[in-house]
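We have chain E; now place chain R onto it with these hints.
Spelled out from the first residue to the last, the chains are:
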Amino acid sequence: MEFISQHPVLVVSLVKIAALLFIVMTALAYITWLERKVIAHIQSRWGPYYVGAHGLLQPLADGLKFMFKEDVTPPVSDRIVYTLAPILALSLALTAIALIPFGPPSVQVLGQPVFIVSNVDIGLLFLFAITSIGVYGVALAGWSSNSKYPLMGGLRSSAQMISYEVSLTISVVGVLLLAGTLNFNGIIESQRGYWLHFIPRWHLIPQIVGFLCYLTAAVAETNRIPFDLPEAETELVAGFHTEYSSFKFAMFFMAEYANMVTVSCLAAILFLGGWLSPFPDSWKWQLYLPGAGLLALGAYCAWDTAVNMKRIARLQLGVVTVLAVGGGLLCILIPGAPEVIQGPFWFTSKILAILFFYIWMRGTLPRFRYDQLMSFGWKLLLPVSLANLVITALVIVWPLLVRHG
Amino acid sequence: MSLPFLIFFACALLAVVGAVRLILAREPIHSALALILLMMSLAVLYLLLGAPFIAAVQILVYAGAIMVLFVFVIMVLNAGVEERTDFSKIAKYAGLPLAFFLLLWIAHWLAHAPAGSAIATGAGAPTVAFSTVELSEQLFRPYLFPFEATSILILIAILGALVLARKEE
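If you're matching them up, the sequences are chains E and R in order.
Using numbering that gives the first Met the number 0, the letters of the first sequence correspond one by one to residues 0 to 404.
Using numbering that gives the first Met the number 0, the letters of the second sequence correspond one by one to residues 0 to 168.
Chain E with its partners taken away, still in its complex shape (with noise of 0.2 angstroms):
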């Protein structure tokens, strides 16, 4: 008990971690789910369907399977960096996520603020130091497994990593002049206001170009299609982790489920005002949005439930209507609520329709080249984004330049 009192922040931390880490795991589950519908509907296919109604268990049942499958490690490894390399790519993944505010510091519990684990002062910074050595996990598990496909995805992942980095650094250097700070929560305070009274004063529309460049080497650096180079199956079998099975495999995929959903929040934060509502404080209604949004939800499964065949998915469409009408009157009826909701009920809603975006340009576009990729990379997107950054930099500080003569 000594302990708790003389570290308050050390145990309020640990609990928002423990907390955090739940949320990002399911979170990530059902983004699994949520990539396999949308595409399924792309591609005129129902996706996931059985296990649960809609599907809606297949990640719980994969997560068992994956659990309870053989863990090879091959004899000619190097199992200490064959091991090492899986927990590297999904520690570092989720470690970012706690650097991610996902609502206002004002909203505080033991006087510590609620919706962020750790409000570095160089968050930005930080959060790209850490993504920085994500390259790691893809790399030393191509070399570890001591096979030539592994190693091929492997070479291939640093090199696009690497390239692709230098354009999503420089590209968000053009947010961070008009902000003036690395903070994330400064970041976002600085997009607030509305011009003509009802546009978002977001760097969005300033940095649109910086914005485009963001988003195109953030696809490269999660290695998505159309950059899934260091997995593409039909040259490389399955990449860098063609060797891994079972929780290990597992590990990779949720490490870059958590980077696009770190990407994701990146953008939100730096180009889309992060928790601050898109409409002005003035347009009482947007608190309700949330709840009203959880109504419709649960009647949309009421009137599931009504029409679905099956005993047992009538049963789970029920529960999930409760859950959903439950939470959507707890989010309108009990005071307060309706506030300490909207900053993470925004952030959530463009990390998602982020996300959607991800899954949308895997559906529809086909991969690039090999060459195509690097010279798209060094000619194209880097000298693009430099010269954002110069004009960005000339904009601001050519008020400064005429005034002095």
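It should be emphasised that the hints constitute simulated quantities derived from the structure, not laboratory data.
These figures come from a predicted structure and were not determined experimentally.
Be aware that one or more of the hints could be misleading.
[Unchecked claim] 25 angstroms max Cα-Cα, derived SDA-like pairs, lysine to any residue:
id: 1; chain 1: E; residue 1: Lys-15; chain 2: R; residue 2: Leu-47
id: 2; chain 1: E; residue 1: Lys-378; chain 2: R; residue 2: Ile-153
id: 3; chain 1: E; residue 1: Lys-147; chain 2: R; residue 2: Ile-153
id: 4; chain 1: E; residue 1: Lys-378; chain 2: R; residue 2: Ser-150
id: 5; chain 1: R; residue 1: Lys-166; chain 2: E; residue 2: Ile-161
id: 6; chain 1: E; residue 1: Lys-378; chain 2: R; residue 2: Ile-155
id: 7; chain 1: E; residue 1: Lys-147; chain 2: R; residue 2: Gly-79
id: 8; chain 1: E; residue 1: Lys-378; chain 2: R; residue 2: Glu-82
Showing chain R alone in chain E's frame:
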């Protein structure tokens, strides 16, 4: 014992372990990993000294960029296990005692630092974190010339690398 004190010793120990493994490991990749461990521990030490910007840049530049290139090159060349030769005689009979005496001398110097001097009281070590704004004001006002000169030096190095790597026509 305070928490920063414990963290300092943990990281100092990790840094020493990393440095020793870097030299003793026979696989080049293991050496590279040990060097990364060393750099990460140094970054935490910078954090303890109240320099978060330097800590983040240490990870970003050294562990995240330079070492990734090292690992990449080792993988491209597919470098095999190092061959081990016997220790050279000079290293054995002159090097080890000299290293021992160097450590002894540093320990003696630390232990007998005059009371009240910076090294005995820990003065000079910042108690609050040095913000990025303050750092950049230092960098771009009093130290502007060395800063720009360094950037030109780096540019020259890049050009030199390009010239060296160009194919003969």
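Structure-based check of each hint:
1. Restraint check: the Cα-Cα separation between Lys-15 (chain E) and Leu-47 (chain R) comes to about 23 angstroms, which is no more than 25 angstroms; the hinted pair holds.
2. Between the alpha carbons of Lys-378 (chain E) and Ile-153 (chain R) the distance comes to roughly 21 angstroms, so the proposed pair stays at or under 25 angstroms and holds.
3. Proposed proximity of Lys-147 (chain E) and Ile-153 (chain R) is contradicted: the alpha carbons are some 36 angstroms apart, above 25 angstroms.
4. Restraint check for Lys-378 (chain E) and Ser-150 (chain R): the C-alpha separation of about 23 angstroms stays at or below 25 angstroms, so the hint holds.
5. Annotation: proposed proximity of Lys-166 (chain R) to Ile-161 (chain E) holds, straight-line Cα distance about 23 angstroms (limit 25 angstroms).
6. Using a Cα cut-off of 25 angstroms, the hinted pair Lys-378 (chain E) and Ile-155 (chain R) holds, with the two alpha carbons roughly 21 angstroms apart.
7. Between Lys-147 (chain E) and Gly-79 (chain R), the direct Cα distance comes to roughly 15 angstroms. Compliance with the 25 angstroms bound is thereby established for this hinted pair.
8. Pair hint Lys-378 (chain E) plus Glu-82 (chain R) does not hold up; C-alpha atoms about 42 angstroms apart against a cutoff of 25 angstroms.
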